[in-house]
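S.K.: These are the residues of each chain, in order.
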Amino acid sequence: MAFDTYLLKRADFIFKDEEDWKNILTRTLKLPPNAIINELMSSELKGRGGAGFPTGLKWKLTAEAPGNEKYIICNADEGEPGTFKDREILTLVPHKVLTAMAVCAHVIGAQQGYIYLRGEYKYLVEQLNQAIDEFHTICQSLGCQFTIRIFLGSGAYICGEETALFESMEGKRGEPRNKPPYPTQVGYKNCPTVINNVETLAHAFTIFKYGAKKFYDLGVQYSRGSKLFSVSGDTPKPGIYELELGMSLEDFVNEFGDGDTKAVQVGGASGFLVPRKKFKATAIGYKGKLSGISLPTGGSMMLFNSSRSMYNVLDNYLEFFREESCGQCTPCRVGCQQLYQGIKAVKRGEKPAGYLDKLLKLTETMKLTAKCGLGQSVANSFSSIVENFREEMIY
Amino acid sequence: MSTKINININGIALEVDQGKTILEAADQAGIIIPTLCYHKDLCIAGNCRVCVVELIGQKRLSAACATPCEEGMEIRTNSLHVRNSRKHIIELLLSEHRAECTSCYKNGNCELQKLASDYKIVTQDFIPLAQQKKYTIDQFSPSILKDDSKCIRCQRCVRTCAGLQGVNALSVAHKGDRMKITTFFEKAITEVVCTNCGQCINHCPTGALVERNYIEEVWDAISDPELHVVVQTAPAVRVGLGEEMGFPPGERVTGRMVEALKRLGFNSVLDTDFTADLTIIEEGTELLERLKKTLKEKDPSVKLPMATSCSPGWIKYIEHLYSDCLEHLSTCKSPQQMFGALVKTYYAESRSLKPEKIVSVSIMPCTAKKFEAARPEMHASGYTDVDYVLTTRELAIMIKQAGIDFAKLPESSFDRLMGQSSGAGVIFGATGGVMEAALRTVYELVTGREVPFEKLNITPVRGSEGIREACIKIENPQEGWEFLDGVELRCAVAHGLVHAKQLMDQIKAGTSPYHFIEIMACPGGCLGGGGQPIPTNPEIRAKRTEAIYAEDEEMPLRKSHENPEVLLLYKNFLGHPLGKKSHHLLHTSYIERNRY
Ligand SMILES: Cc1cc2nc3c(=O)[nH]c(=O)nc-3n(C[C@H](O)[C@H](O)[C@H](O)COP(=O)(O)O)c2cc1C
Ligand code: SF4
Ligand code: SF4
Ligand code: SF4
Ligand code: SF4
Ligand code: FES
Chain G
1 MAFDTYLLKR ADFIFKDEED WKNILTRTLK LPPNAIINEL MSSELKGRGG AGFPTGLKWK
61 LTAEAPGNEK YIICNADEGE PGTFKDREIL TLVPHKVLTA MAVCAHVIGA QQGYIYLRGE
121 YKYLVEQLNQ AIDEFHTICQ SLGCQFTIRI FLGSGAYICG EETALFESME GKRGEPRNKP
181 PYPTQVGYKN CPTVINNVET LAHAFTIFKY GAKKFYDLGV QYSRGSKLFS VSGDTPKPGI
241 YELELGMSLE DFVNEFGDGD TKAVQVGGAS GFLVPRKKFK ATAIGYKGKL SGISLPTGGS
301 MMLFNSSRSM YNVLDNYLEF FREESCGQCT PCRVGCQQLY QGIKAVKRGE KPAGYLDKLL
361 KLTETMKLTA KCGLGQSVAN SFSSIVENFR EEMIY
Chain D
1 MSTKINININ GIALEVDQGK TILEAADQAG IIIPTLCYHK DLCIAGNCRV CVVELIGQKR
61 LSAACATPCE EGMEIRTNSL HVRNSRKHII ELLLSEHRAE CTSCYKNGNC ELQKLASDYK
121 IVTQDFIPLA QQKKYTIDQF SPSILKDDSK CIRCQRCVRT CAGLQGVNAL SVAHKGDRMK
181 ITTFFEKAIT EVVCTNCGQC INHCPTGALV ERNYIEEVWD AISDPELHVV VQTAPAVRVG
241 LGEEMGFPPG ERVTGRMVEA LKRLGFNSVL DTDFTADLTI IEEGTELLER LKKTLKEKDP
301 SVKLPMATSC SPGWIKYIEH LYSDCLEHLS TCKSPQQMFG ALVKTYYAES RSLKPEKIVS
361 VSIMPCTAKK FEAARPEMHA SGYTDVDYVL TTRELAIMIK QAGIDFAKLP ESSFDRLMGQ
421 SSGAGVIFGA TGGVMEAALR TVYELVTGRE VPFEKLNITP VRGSEGIREA CIKIENPQEG
481 WEFLDGVELR CAVAHGLVHA KQLMDQIKAG TSPYHFIEIM ACPGGCLGGG GQPIPTNPEI
541 RAKRTEAIYA EDEEMPLRKS HENPEVLLLY KNFLGHPLGK KSHHLLHTSY IERNRY
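For the record, the sequence lines run as chains G and D. Numbering-wise, full-length UniProt numbering puts 243 at position 243 of the first sequence, and it's gapless, one number per residue. Numbering-wise, full-length UniProt numbering puts 542 at position 542 of the second sequence, and it's gapless, one number per residue.
Hints in this document: simulated from the structure, not taken from any laboratory. The C-beta atom is built at its ideal place from N, Cα and C for all residues, glycine as well. Hints may contain errors.
Label pairs and their calculated CB-CB ranges [unchecked claim]: (1) G:L57 to D:E24: 28 to 38 Å; (2) G:K22 to D:C43: 44 to 54 Å; (3) G:L152 to D:I137: 31 to 41 Å; (4) G:K214 to D:F184: 49 to 59 Å; (5) G:S306 to D:L80: 39 to 49 Å.
Derived coverage of chain D by chain G (criterion: at least 3 residues anywhere in the stretch with Cβ under 8 Å from a Cβ of chain G; other residues may be distant) [unchecked claim]: (6) 35–49; (7) 64–71; (8) 80–91; (9) 125–136.
Kindly generate the complete structure, drawing on both the sequences and the hints.
M.R.: Quick look at the structure:
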């Protein structure tokens, strides 16, 4: 496929310490909501937590939704295995996230915000509460009544899904709801709600400080700005990196690979596996002009070298989904069990190799019919691994 | 003020009310979309996904039950994607299900089985998962059997228990492949707060929740020539049984039912309506007694409102959750248990039978009555007052097993001595019926005049709203009741335990404005009981309700206190209402139960 390759470019916005956040807060809160929405829209910032929904539009829809009670929730459930970038943000630059939440509250008309914090991050609560207390004092001095509270999650991966997260906050079992209605209309406590990933909010801060243009100038068309990547697997330099969107995977592998990279899993368990022969033709960003690799939760990039069995990789993912499916809907609950057992049966020779095709069709059904993003995305890793490494599945 | 929008389903242009789901719109267009987790009585779950449809322009399919129509929507309910997906989903459900239909109690009336048949799932390529799992079968309850290996996790039971009953006995536990429907701490149903109402059974699409059946025990009794087997039939059975026998909902089959019971071999076919009339005399007297003590003697120890006590699901509910309000309950037993106590005493004496040779069977619209019959209190006759309780559904099974062609049966009448009843006894089967029957009697006892309603139909207490109220002013009472002159008798009726909760919370808070309340555990009252034919839904219950009121209007006697057999019973056996014998045989006490 012919398309331009973009060079891998590092960026440094997220973790840059911004001492002047109080000024940014004061300045932005004085702007009319519309101006803020326009700024976000022209930055083309898209959600960094999942579906890549345009953040400005999300705020706009929520601002326009009828209702006196509205909420802004920061999604810090960070459940994708191997990612910990949201934790880093909340540890190093929490005030950016808090500032963006207060601005959002100003835009949509919310009095209360929540940080839904992954249960395993309990140890962060104390220092985060200190930051929140300090933040509240500043807010009050600005005549802003907005408050933020931490809600500690229960440890289920599915609770990172926005509607399951609301259910969990409402004291119910964390099961995704039917959509529509979307959170912008019916969210937490059935009120219009903005829910944003930690990183999305941190980028919003960058935009408030430096302006939309600075952000827009990073990245490529449809995939503007920078993004945190959690690099892991067979790499000499694992860690969190802020990179501009739009780089080619080949570039990425040249930078982070160990010289023997066989495949890269882009986007964690719910993402895609890209084999070596497709590195060059794959660009990392949101859908659009790029070759269709989207960035589900976390921005996780896991590299595999030739010592790895792709069968084991898939087996691991399927085990994860089989256990982390909330279990309510048929295609996901039973589908994951069938996939998990199905590849084992093929491997053991209990089912013919052709059974893999039946399973591929099953993942198609799961993609079409599952109730939430979890069940819908199992097909991603399954089909990309089975289609590219079929022999490894059989022999 | 509904706005109309235009949609298109399978090429058919359609105008529908805004807010309608795709499923409702399709129904309007005569297009059937299969469903499993959807139920008209319940909130939408959207979890089974068999109802998926294709929306032109959208990549993913949508659940028809959970998706509202939007202007210009183009819907396809039978496209290639839809067909393939639907089939996959049914196959998946079956792979996780112990699909042994021939040995399943739900064989023949199972929604999963019907789907498998409609879509001809003849091959099963997926790996059988049910066989690998350790499933529990809970069979400790006298009312309910729960077999997790037949569960498709549609959560209809969970939504029933929470939404209709407010009991929350059943909930979802665990996630992923271990997700299942269970009770508090996965205890047996008998150990948790469950009313045995059976609504979860009525709403379960499969064989995962069924009644504990006593069909073989009853056949054995009937076949034993030494035994005299008496059967009583509750009012709601005669307006439900027809559905099991191929009639449309709302068909009254009283005469055929009696004939069928005779042909099954019961020695005597009697009527629970008889003791419903008796209940009215006892309970009405009790109410007047309480009013007298409160209004005339100003006795603060007497509790008002008095609550009816003929729904054993409701009794168990209050025993668990409002045990500090037990004194509000009438001490009257349910008609079933009054009947049972009399069968082995009064009936045995009159017919010169040995009570130990009598087997007393009741046909009930109810699963809670199975539990009630097994309560230790229910041995007033010196024996088990009611030996076996069968649901309407179990009776239908027996009729089919006996090879009786129900539609061709002649009509027959109940046997005498405890077989006669009034219309007031019949309407016990509908929500509001006990109240109406009681008012017909109480008002007349006090004033000497009939209740001031056309044709004795006390319409304010009829209907399907969860809670209904009525207020009757008493004027010019007869001698002895002067203290009631000018008193407005305030009554309320609730059905479905979520609504009972509202009335109970008022009582607890001391703000209940009523003198008398009627509570039925099940939606619609007994005619919507947990032992009635499946399916159930608001329309079916409305038909059964119509039938029951029609039966009442056609009865020559409409008032309990005019039932000659009841009068005879007092004359020859009981003495007078609330008398010593009544107290022993017809009244009971209640116990406090665990709140969790
Ligand atoms: C199974 C599942 C898990 C998810 N977990 C997370 C998570 O841990 N953190 C997160 O921010 N978003 C998660 N999401 C995405 C959220 O549903 C939601 O789209 C996101 O929080 C929106 O924020 P954004 O617009 O800023 O990306 C998850 C989605 C799914 C389907
Ligand atoms: S897709 Fe999976 S996680 Fe999502 S609702 Fe269905 S069962 Fe639950
Ligand atoms: S529940 Fe239904 S499908 Fe399952 S075994 Fe019973 S009849 Fe068959
Ligand atoms: S019998 Fe009634 S109370 Fe018990 S679990 Fe079923 S619905 Fe709930
Ligand atoms: S027990 Fe019945 S109603 Fe409840 S989830 Fe299972 S199949 Fe559905
Ligand atoms: S009937 Fe619609 S999802 Fe189950």
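S.K.: Give a verdict on every hint.
M.R.: Outcome of the hint check:
Between L57 (chain G) and E24 (chain D) the beta carbons are some 31 Å apart, a value that agrees with the proposed interval 28 to 38 Å. Checking the proposed 44 to 54 Å range against K22 (chain G) and C43 (chain D) shows it holds: the Cβ atoms sit about 47 Å from each other. Our hint of 31 to 41 Å for L152 (chain G) and I137 (chain D) holds, since their Cβ atoms are close to 37 Å apart. A C-beta distance of roughly 56 Å is found between K214 (chain G) and F184 (chain D), which places it inside the suggested range of 49 to 59 Å.
In this structure the hint that S306 (chain G) and L80 (chain D) lie 39 to 49 Å apart at CB holds, the actual value being about 40 Å. Here's how the segment 35–49 of chain D fares: 6 of its residues keep a CB closer than 8 Å to some CB of chain G, so the rule of at least three is met and the hint holds. Counting residues of the segment 64–71 of chain D whose beta carbon lies closer than 8 Å to any beta carbon of chain G gives 3, which reaches the threshold of three, so the coverage claim holds. With 5 residues having a Cβ less than 8 Å from any Cβ of chain G, the segment 80–91 of chain D passes the three-residue criterion, so the hint holds.
Chain G is given as covering the segment 125–136 of chain D, and this holds because 4 residues of the stretch bring a CB closer than 8 Å to a CB of that chain, at least three being needed.
The structure fails none of the hints (numbered hints given earlier).
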